[in-house]
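S.K.: Sequence lines, in order, name chains L and S. The numbering used here puts the first residue of the first sequence at 388, with every later residue one more than the last. The numbering used here puts the first residue of the second sequence at 2, with every later residue one more than the last.
There's no promise every hint is true.
[What the hints assert, rightly or not] Keeping only pairs whose Cα atoms sit at most 30 angstroms apart, straight-line, the calculated DSS-like set for lysine-lysine is:
id	chain 1	residue 1	chain 2	residue 2
1	L	K457	S	K58
2	L	K457	L	K496
3	L	K460	S	K58
4	S	K58	L	K496
5	L	K493	S	K14
6	S	K58	L	K493
7	L	K496	L	K465
8	L	K442	L	K496
9	L	K442	S	K58
10	S	K14	S	K58
11	L	K465	L	K442
12	L	K442	L	K460
13	L	K442	L	K493
14	L	K442	L	K457
15	L	K493	L	K460
Simulated from the structure, these hints should not be mistaken for laboratory data.
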Amino acid sequence: AQTVTQSQPEMSVQEAETVTLSCTYDTSESDYYLFWYKQPPSRQMILVIRQEAYKQQNATENRFSVNFQKAAKSFSLKISDSQLGDAAMYFCAYSLGSQGNLIFGKGTKLSVKP
Amino acid sequence: KAGVTQTPRYLIKTRGQQVTLSCSPISGHRSVSWYQQTPGQGLQFLFEYFSETQRNKGNFPGRFSGRQFSNSRSEMNVSTLELGDSALYLCASSQSDYGYTFGSGTRLTVV
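This is chain S alone, in the form it adopts within the complex (with noise of 0.2 angstroms):
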């Protein structure tokens, strides 16, 4: 079984651009969360999508928003980037009680 597939691995942007993040979850998998990791402020809860509606959602202003599409898969979007945005960013899926499995993160760097 395919694990949590994040896309891509490594992003360059700049100040004020705009990036999407995708994440495909593993199949059957209908809950996709989103986290972000920094040094500073370590792991942070963005939101999480359970069939295609957002059900929780972190503090993040709204220049983070994401999205799920009816086959689960999620993107999550970043506007108007600065560079205290640049994290790793992890995706998790879930379908049962045992908790999440994540992807390997895509690293986004604002410069």
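Here chain L stands alone, though its shape is the one from the complex (with noise of 0.2 angstroms):
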């Protein structure tokens, strides 16, 4: 069975600076879906960033990005010059396919200081 694992339960990083959250996987299939999501105290699940496992290239969306080690099962989210509003919940997630259940880690929660 695929899983999902976050190993950092919270994190802080100062206002302006950068910070990474790590995240691994288990799967034994070779076409799959990574995403990051973020969930804010409003509790609305809003997607980051997403990888699809057949492509080498890291996936960026703006001050975010990915380090995607697909030998090492690994999928790292990098946000650069970290604002107030980047402080919430972050879940990493795995899809079979784009289209299939995602599964979920414990998330980390990230803590943004003025």
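Dock the two chains into a complex; use the hints.
M.R.: Laid out in structure tokens, this is it:
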């Protein structure tokens, strides 16, 4: 069975600094999708970034980028120039198909200090 | 374009009762999935519907059921509520390959 592990329950970063959130996963499949979702106190899960496993190039969305290491089954999220609005729970998720059900990690609570 | 709408936002029910939660997907989205979020178990997949058919199901007891209507709106029902069913229930819809868009959830409290 596929599993997703986020080893950092909480992280803290200074405003304008860079922070990296870790995620590892376990799967025997070769084609799958990985996601980072953000959940602020408003509760709504917001898609931050998406990576297709067959693509070698790491995905980037503005200040957010990933380091996808397929052989190591690692998918970390880097947030550059951190802003107060980045404070939230961040969930790493795996999906066998782009529209298949998501398997989530336990989440990392990110705090941003002014 | 309106987002995914879940109603109600909050709900308090008594043990043994049943409850129905509603989800209206983004217009044009035919796939709707449901997740349960609790502090202990995290986010767990309940089921997914596509064009009124259940396409995928998670590992939950039969007390949890759902359906999807022809307009893609979906409902999930929990019968014989237990204290452990207290959770945030999230609905998500999808149309393209880009993944799911989530609603703000329904907070269910069972007393």
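S.K.: Which hint numbers doesn't this structure obey?
M.R.: none
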